[in-house]
Structure formats: structure tokens, C-alpha cells
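Undergrad: Chains as they are written, first to last, in this note's numbering: chain E, 6 to 294; chain G, 51 to 206.
Heads up, a few of these hints could be off.
Unchecked claim - Mimicking SDA-like on lysine to any residue, the simulated pairs with C-alpha atoms at most 25 Å apart in a straight line are:
#, chain 1, residue 1, chain 2, residue 2
1, G, Lys89, E, Gly85
2, G, Lys73, E, Arg102
3, G, Lys73, E, Phe89
4, E, Lys185, G, Lys89
5, E, Lys72, G, Ala59
6, G, Lys73, E, Pro110
7, G, Lys87, E, Thr79
8, G, Lys89, E, Pro110
9, E, Lys108, E, Glu91
10, G, Lys89, E, Phe89
11, E, Lys108, E, Gln291
12, E, Lys108, G, Val80
13, G, Lys89, E, Gly81
Stated by the list, open to error - To be clear about the criterion: a stretch of chain E counts as covered by chain G if any three or more of its residues have a C-beta under 8 Å from a C-beta of chain G, and this derived list gives those stretches:
#, stretch
14, 38 to 49
15, 74 to 83
I should point out that these hints are in silico values taken from the structure, not numbers from a laboratory.
Computed from a predicted model, the values in this text were never measured in an experiment.
The beta-carbon is built from N, C-alpha and C at its ideal position, and this holds for glycine as well.
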Amino acid sequence: MSSSEMLTSQGYIQHHLTNLTLGVHPEHGFGFAHSSAEAAQMGFWAINVDTMFFSILLGSVFVWFFKGVAERITAGVPSGAQNFVEWIVDFVEENVRGSFNSKNPMVAPLALTIFAWVFLMNLMDLLPVDLVPYLFAQFIAVFGADPHHVFLKVVPTTDPNATFGMALTVFFLVLFYSFKMKGVGGFLGELTLQPFGKWGMPANLLLEGISLLSKPLSLALRLFGNMYAGEMIFILIALLYGGSVVLNVTGGLLQFVWAVFHILIITLQAFIFMVLTIVYLDMAHQEHH
Amino acid sequence: MNINLTLFAQMIAFAVFVGFCMKYVWPPIVGALAERKTKIAEGLAAAERGHQEKARGEQQALELMTEAKATAAEIVTQAQKRATEIVEEAKDDARAEGSRLVTAAQAEIDRETNRAREELRERVAALAIAAAEKILQKEIDVSAHRSLVDTFAKQL
Numbered sequence: 006m007s008s009s010e011m012l013t014s015q016g017y018i019q020h021h022l023t024n025l026t027l028g029v030h031p032e033h034g035f036g037f038a039h040s041s042a043e044a045a046q047m048g049f050w051a052i053n054v055d056t057m058f059f060s061i062l063l064g065s066v067f068v069w070f071f072k073g074v075a076e077r078i079t080a081g082v083p084s085g086a087q088n089f090v091e092w093i094v095d096f097v098e099e100n101v102r103g104s105f106n107s108k109n110p111m112v113a114p115l116a117l118t119i120f121a122w123v124f125l126m127n128l129m130d131l132l133p134v135d136l137v138p139y140l141f142a143q144f145i146a147v148f149g150a151d152p153h154h155v156f157l158k159v160v161p162t163t164d165p166n167a168t169f170g171m172a173l174t175v176f177f178l179v180l181f182y183s184f185k186m187k188g189v190g191g192f193l194g195e196l197t198l199q200p201f202g203k204w205g206m207p208a209n210l211l212l213e214g215i216s217l218l219s220k221p222l223s224l225a226l227r228l229f230g231n232m233y234a235g236e237m238i239f240i241l242i243a244l245l246y247g248g249s250v251v252l253n254v255t256g257g258l259l260q261f262v263w264a265v266f267h268i269l270i271i272t273l274q275a276f277i278f279m280v281l282t283i284v285y286l287d288m289a290h291q292e293h294h
Numbered sequence: 051m052n053i054n055l056t057l058f059a060q061m062i063a064f065a066v067f068v069g070f071c072m073k074y075v076w077p078p079i080v081g082a083l084a085e086r087k088t089k090i091a092e093g094l095a096a097a098e099r100g101h102q103e104k105a106r107g108e109q110q111a112l113e114l115m116t117e118a119k120a121t122a123a124e125i126v127t128q129a130q131k132r133a134t135e136i137v138e139e140a141k142d143d144a145r146a147e148g149s150r151l152v153t154a155a156q157a158e159i160d161r162e163t164n165r166a167r168e169e170l171r172e173r174v175a176a177l178a179i180a181a182a183e184k185i186l187q188k189e190i191d192v193s194a195h196r197s198l199v200d201t202f203a204k205q206l
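Build out the structure end to end from the sequences listed, making use of the hints.
TA: Shown next, in the form of C-alpha cells:
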């Protein structure tokens, strides 16, 4: 509870779960939201600056690092960074080769980007929950802002905008390749003519439509839910601090244990998002399934 | 936790990263991996070829060695045969030379014997004439009876 001793537990949690939102408030005009309620009142035409900043920063780190290695890459004996990059590329390529049966030069780079980017964004969860928000609040306070109303969420994947952004992009790709590979008639037929034949068209459309729409929804919500819950547990454990010595020690221990466990979750979620994307795109490419 | 413009901004950012990765990151890395795969395959093939060459070379060397051994043995046999022949020839030569020498010596001996006999005969003739001179005193003319004495001496 480093940002303020005055905060209640509820306030502390609320504070950590609010994005730094920039938009036009109906009453206060253009600016940063000062509370989650204000952020909600800004409606759709607002932007979560923290999510954008960290996601683009991490994406750039990924692209910069991999591009740097790709420029110096040799077919001879690989060195440290190249080894690491090749290991990841091999891993991704193997997954694509295992799950994706058609030819599409976009799928493997897409899978690599998803894996690396989601992993890096999830990795932000391992930073101590208060560290970056506290430093940011102190930094902003220099310019005269009230640190209690400066929000910052460092894990972009705990913002549904980020996960839905990726999932919807994948969904549009699935739609695009479904139409491209099967033709409009083929894809519509797939949606309406099975599993019950042409007399069960409405039921077919309902079933297939749900199964189609569940793809982006499950992709986005699985990642968001896992990361949000993980972040929430870090925040809850952080509530133990500031109490007695016993509570502090217990809190530290719990943070460590949860962080170790969370390493598995962040990797797994990145991997699942990647594999499901490959599988969905594979289904979009197949004539019959 | 509100869905807002961030959603679209994220979609754009995601698309940009994927596009960048697809254009500048993935192809060179995968290309290098494929190239290395080819190189390794070539290296293995070359090693395999080398092994075969070596085996063939060894085989060839073995064959050459066997052949050389056979030739050497043949040469030694021939040489031994030739040596025996030479020794035999030398023996024959020596034998022939020996008998020739013996024959020559025999001839010399014969010649010497004849010469000695001739000389002896002449001496005896002279002796006989001297003796006859003494016996016949002055009556006998040496030159008149010379042929008579010679005839006598030859009958000795």
C-alpha cells in the first residue's frame, strides 16, 4: 500500500485495476480519467494509455531483438542470442508444422508474434505490483498531479482491450481465409448445412455460429481471465504488507510462491493462444472438416 | 476494464507487429535454418563419400600389395633358378677347362718325352759314333760313314 496509507483495501484493489484512460469526459472535458467511474463515463472514445504504451513497448522489444538477430544471422555455428532466437523459432515452426496442414507463409510469423508478444506482456505480471505504478505516480507528482488519482496497469493482457484486440484480429483472419479457401458458398454451406442436413438449417446456423463466435471470445477471455486473476492474487497478497512482521514475511513468501507458479501460467497462456490461433487458421484453410 | 478505442489501437498494433515479423524477422531466420540444414546434409554426404573412398582406397592398396608380393615371389624364384643355372654353368665350364688343361699338359708331356727321346737318340748316336771311332781307330772316316751311323742310331 505504498501509494497511500489512507486507501482502504477496496480502494487499493480498485486503484490497481483501473487503467490510465485518456479521453473526453462529458463533464470534465478532454483529459485523463481520475477514477474508474470517470473512465467508464468516457465511453468508447477513450484510450488506455498504459495498455498501449506497455504493449507497444514490449512488441517493439520483441521485434527489435529478433530483427537484430535476423540481421546478423549465419548458417554457421550460432552464437548466444542467435541460439535463443533459433530455439524459439524452431519451437514455433514445429507447432505450426504439427497443427497447420495448408501452405500459408503468414501463419508461422503470426504464431511467433503472438507467442513472443503475449509472453512478454504476461511477463510484466512478475514485476512487483506496486513498483512501476508507484514510480510513475511519484514521477507524475513532480508535474503537480495528484498521485492518488494516477492509475497505471503494467500488464496489458489484464486489459480486455488488448486480448480482444488480438483475438478479433485472429477472428478476422479466420473469416478472411474461410471465405478465400472455401468460397462464399462453401463457407456459408459449412455454417448452415451441417450437422443436421439442409432441413435443419436454422439449428445448424445456430450451432455453427456459436462455435465460430466462441473462437475469438474464448481466445480473448481465457488469456484475460488468467492474467486478470493472477494479477488479482498478486494484489491480494500485497494487501498483507504493512501489517505485522509476521504478515509481511508471509506476504513475501506467498508472493514468491505465486510468482514461481505464475511463470508457468504466463508461458502456458502465451503457448495456448498461439496454438489455438494456428488450429483455428488450419480449420479455416480446410475444405472439409 | 472498459472496452474502448484501445481495442482498435491494439488490433492495429498487433497487425503491424505481425506484418513486420512476417517481412523482416521470420524469413531470414528460417532461411538461415534451412541453409544450415542443407549444409549439414552436404557435410554428412561428403563424410559418407569419404568413408567409401577410403574403403575403396584400402581395398586397392590391398590388391596392389598382394600383386606386388606375388611379383616379388616370382622374381625371387626366377632369380634362384637363374643362380642355380649359373652355378651349374660355372661348374660345367670349370670341368671343361680342367679337362682341357689336363689334355694340354698331357700333350706337353708327350712333346717333352718325344723331344727327350730325340735328344737321347742323338746323344746315343754321337756316343756310338765316338765309341765306334775309338773302336775302329782311324780307319773309319767320320763323314764317309755318317749315314751308316745315323741309320744305326735311329734303330735305337
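Undergrad: Evaluate each hint against the coordinates.
TA: Going through the hints against the structure:
| no. | hint | verdict |
| --- | --- | --- |
| 1 | Lys89(G) - Gly85(E) | 20 Å, holds |
| 2 | Lys73(G) - Arg102(E) | 20 Å, holds |
| 3 | Lys73(G) - Phe89(E) | 20 Å, holds |
| 4 | Lys185(E) - Lys89(G) | 38 Å, violated |
| 5 | Lys72(E) - Ala59(G) | 23 Å, holds |
| 6 | Lys73(G) - Pro110(E) | 10 Å, holds |
| 7 | Lys87(G) - Thr79(E) | 12 Å, holds |
| 8 | Lys89(G) - Pro110(E) | 23 Å, holds |
| 9 | Lys108(E) - Glu91(E) | 21 Å, holds |
| 10 | Lys89(G) - Phe89(E) | 21 Å, holds |
| 11 | Lys108(E) - Gln291(E) | 11 Å, holds |
| 12 | Lys108(E) - Val80(G) | 15 Å, holds |
| 13 | Lys89(G) - Gly81(E) | 9 Å, holds |
| 14 | 38 to 49 | holds (count 6) |
| 15 | 74 to 83 | holds (count 7) |
Of the numbered hints listed earlier, the single one contradicted by the structure is hint 4.
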